[in-house]
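Our numbering applies: residue 23 is where the sequence shown begins, and numbers increase by one.
The hints are simulated quantities; they were obtained by calculation from the structure and are not laboratory data.
Accuracy of the hints is not assured; some may be wrong.
[Stated by the list, open to error] Label-pair restraints from in silico Cβ distances:
| # | residue 1 | residue 2 | range |
| --- | --- | --- | --- |
| 1 | VAL45 | PHE69 | 16 to 22 Å |
| 2 | ALA24 | ARG71 | 51 to 57 Å |
| 3 | LEU39 | PHE69 | 28 to 34 Å |
| 4 | SER76 | LEU47 | 31 to 37 Å |
| 5 | LEU59 | ARG27 | 39 to 45 Å |
| 6 | GLY77 | LEU28 | 43 to 49 Å |
| 7 | ALA30 | VAL68 | 38 to 44 Å |
| 8 | ALA31 | SER76 | 40 to 46 Å |
| 9 | ALA40 | GLY77 | 31 to 37 Å |
| 10 | GLY77 | ALA34 | 32 to 38 Å |
Cβ atoms here follow ideal geometry from the backbone N, Cα and C, with glycine treated the same way.
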Amino acid sequence: MAILRLLAALLAFAGILAGCLAVLLLIIVLLRFPLLLIALLLACWVFGRLLEISGSSDS
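With the hints as extra help, turn the sequences into a complete structure.
The following block contains the structure:
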């Protein structure tokens, strides 16, 4: 049972480490190519506006 718990903890650690590495690489790529950062910010802004529009029509 202890080996199973150790394996689960190891897999959780590896998953968290992989997630942090992916976020770090994404930040590096966005800083390396500023147009991608601008496109991402614009896409988030448009998505936020669409959420506001769809949220106001429900009430």
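The hints, checked one at a time:
no.: 1; hint: VAL45 <-> PHE69: 16 to 22 Å; result: holds (19 Å)
no.: 2; hint: ALA24 <-> ARG71: 51 to 57 Å; result: holds (52 Å)
no.: 3; hint: LEU39 <-> PHE69: 28 to 34 Å; result: holds (29 Å)
no.: 4; hint: SER76 <-> LEU47: 31 to 37 Å; result: holds (32 Å)
no.: 5; hint: LEU59 <-> ARG27: 39 to 45 Å; result: holds (42 Å)
no.: 6; hint: GLY77 <-> LEU28: 43 to 49 Å; result: holds (46 Å)
no.: 7; hint: ALA30 <-> VAL68: 38 to 44 Å; result: holds (40 Å)
no.: 8; hint: ALA31 <-> SER76: 40 to 46 Å; result: holds (41 Å)
no.: 9; hint: ALA40 <-> GLY77: 31 to 37 Å; result: holds (34 Å)
no.: 10; hint: GLY77 <-> ALA34: 32 to 38 Å; result: holds (35 Å)
Figure legend: structure checked against the earlier numbered hints; every hint is met.
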